[in-house]
Amino acid sequence: MTAVLPATGPTTVAAVDLDRTLIYSASAAGTTEGLQVVEHLDGAPLSSATPASWELLAELSRRAVLVPVTTRTEAQYGRVRLPVVPRYALCGNGGVLLADGVRDPDWDAWAAATAAEAAPLPELLAPLEAVAGEPWVRTVRAAEGLFGYLVAHSRDGIPEDWLAATTDAATAAGATLSVQGRKVYVVPAGLSKAAGLLRLRRLLAGEGPAPRLLCAGDSLLDAPMLLAADAAVRPAHGELHEQGWTGARVAVTDATGAAAGEEIVRWLLARA
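As numbered in the working numbering, residues 1 to 272 make up the sequence shown, in order.
The hints are simulated quantities; they were obtained by calculation from the structure and are not laboratory data. In this text, all values refer to a predicted model and were calculated from it rather than measured experimentally. Treat the hints with caution; some may be incorrect.
[Unchecked claim] Simulated restraints on C-beta separations:
1) 84 <-> 46: 13 to 23 Å
2) 171 <-> 32: 23 to 33 Å
3) 44 <-> 154: 14 to 24 Å
Here a beta-carbon is modelled for each residue, glycine too, at the ideal position from N, C-alpha and C.
Between the sequences and the hints, there should be enough to build the whole structure, so can you do that?
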């Protein structure tokens, strides 16, 4: 990690969640007209953003250290075509650090030790695998050997009683449950975007002052990161919005869908 740190610490870090914050599936975007495809899967368009947000994101990366912070695995993150290649990216809910596109092994060791503070991964996966054969479930997977998630065919198809029971089981196992669209994540509580980002912030600071931290995100897994920021913004949609969640230094967009993604980049750029 030390070899890729700057000689002098940056003044501002802009940490941005990807899905439903910066990039959007067709169902989450609100519209497909005029959007720029930024991710393909098996040759088919998967995620988009407004062209303006992509242009502004390149400008943001010139004014601040842009750090994508995502629950996606390294491979899933690699499908997204950003207008610039960020020097740092946090994948696996903070459990994987890419520095100049290269995975950092020391960070992997830290993440494994942190995840070990919760129940073993098979125990975290058990409530998800117990319903893997149900018609509403598309797939159940482990991510980076650190946490598990379930993908349903639709958000409406996920039984609320199962969610409640699985939330209780996750809490008892030292984990956090989060619903993001049709995905249900069960993640060790200590393995958070906030923990990873604050660790990276300390490393970037070196012996100097910590850089100012700007954050954006839409889900329960983003909430600690937003609260830890010097200033933050969330879209007027998603898991946090549905719960009416806010914070003293957390702004909320006027727009929803892909338009909110553009508003978020403009908000960050105005403060970088």
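Could you say whether the range 23 to 33 Å given as a hint is met by the Cβ separation of residue 171 and residue 32? For residue 32 against residue 171, whose Cβ atoms are near 38 Å apart, the range 23 to 33 Å is violated.
Given a hinted range of 14 to 24 Å, is it respected by the beta-carbon distance of residue 44 and residue 154? holds (19 Å)
That 13 to 23 Å hint for residue 84 and residue 46 (C-beta), does it hold up? holds (20 Å)
Violated hint: 2 only; the structure is consistent with all others.
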